[in-house]
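**Student:** Hey, can you work out the whole structure from these sequences and the hints?
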Amino acid sequence: MKGKVKIGMLVIVGIVILMGCYHKKSDYSSESNMKLESNQTPAIYPENQEQANVLKDFPDLFKAAVESNESVKDIGMYVIPGLLNTTSVTSNEANTIVDCKSMTPQGVTVVEGYVLISAYCHDHEHNSVLFVLDKDSHKYLKTIVLQDRSHAGGVTYDPKAKNIWVCGRYEDKAEIVAISLANLEKYDLNQKVQPIEYSQRVELPQLKRASVITYWNQAIYVGYFADHEEGRLEMYPVDEDGKMAGKLTKEQRIRTTIDLDKSNEKDTVVRELQGITFFKNQFFITQSYGALKDSKLLRFTYDAEKEVFLDSDVSKISDFPAHAEQISTYQNELFIIFESAAKPYRGIEKVWVDRVLSADLNKLMD
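Note that UniProt numbering has the sequence shown beginning at 1, numbered continuously upward.
Heads up, a few of these hints could be off.
With a Cα cut of at most 30 Å, we get these calculated DSBU-like pairs of lysine-lysine [claimed, not checked]: (1) K135 to K350; (2) K343 to K192; (3) K350 to K316; (4) K173 to K101; (5) K63 to K350; (6) K250 to K293; (7) K250 to K173; (8) K316 to K101.
Treat the hints as calculated values from the structure; they're not laboratory data.
A quick note: this is a predicted structure, and the numbers were derived from the prediction, not measured.
**Tutor:** Okay, structure coming up:
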């Protein structure tokens, strides 16, 4: 009799364990009531004013992004979600949900009423993502999972065709991918656990990597920048329907030595250029040199016929905190994102920026 009781208890325990395992898996299914979303708590500074205070050592930025926004909601700042925890996937298969602790922001752009942030897993274990924020309320709305683990170094928007373009990489080749605004708005990871669909994939054989991207005057500008090589900025026109054939129509080069300790060396190099954007007849570039070194914002007057931009073409330089990444323009604002508050850099910086900053472009140009 005792033997039968023991067997019965073992069977019951086994059933309970199996039910627990099944329940844990179903938590991640589309039928679960559990909401899949990324962390929305600031990684470093609990209050916006604390973030603002550490920018005082950067006069141009402080004037344009803090003093100009004193009466604006959240001092014009947007908390970068997902720095502590991001919901993503490990593959293109449904129901493979993971929590990524090392998601690293790279790109930022404004899309209609949204602010989009691109980010990649620094450990290269999880798919890259787009975070969607409400531009007016500054609230996090959702996470868009991309189809691979590429660097997602930049994101931009074609307002005519209503396409979002993201830097990517496929089979070791540079590419950019397009996501329609309609598809982005209807995407819901809670309804179907899989990456978002792309409307276009365009290979860029002329580039080693798509490092930066921006849309301007019905064309996509894509750049590749690396140590000891000239920066290359390539222009690819898009038609009225937003289609891009990947045909290069213009290539320009950027050579600067401003960031180097030995700027009088014979061979000039481009080093760590992270973002580019246009405003009126000007273009801006962010330059970043890694940990504990200030980034820079370089301003040029744009000339479509110019083949090479040099130090002498820089009209203004502004110091920024370390790890500045993409910049993008929206009306008279410059949106700026930094990667310094991501896990890989959180313990080594002296100044962190865990928010997207919006700066008055006219003040930056003074």
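**Student:** Now look at each hint and say whether the structure bears it out.
**Tutor:** Evaluated hints:
no.: 1; hint: K135 to K350; result: holds (29 Å)
no.: 2; hint: K343 to K192; result: holds (28 Å)
no.: 3; hint: K350 to K316; result: holds (25 Å)
no.: 4; hint: K173 to K101; result: holds (27 Å)
no.: 5; hint: K63 to K350; result: holds (21 Å)
no.: 6; hint: K250 to K293; result: violated (33 Å)
no.: 7; hint: K250 to K173; result: holds (20 Å)
no.: 8; hint: K316 to K101; result: violated (37 Å)
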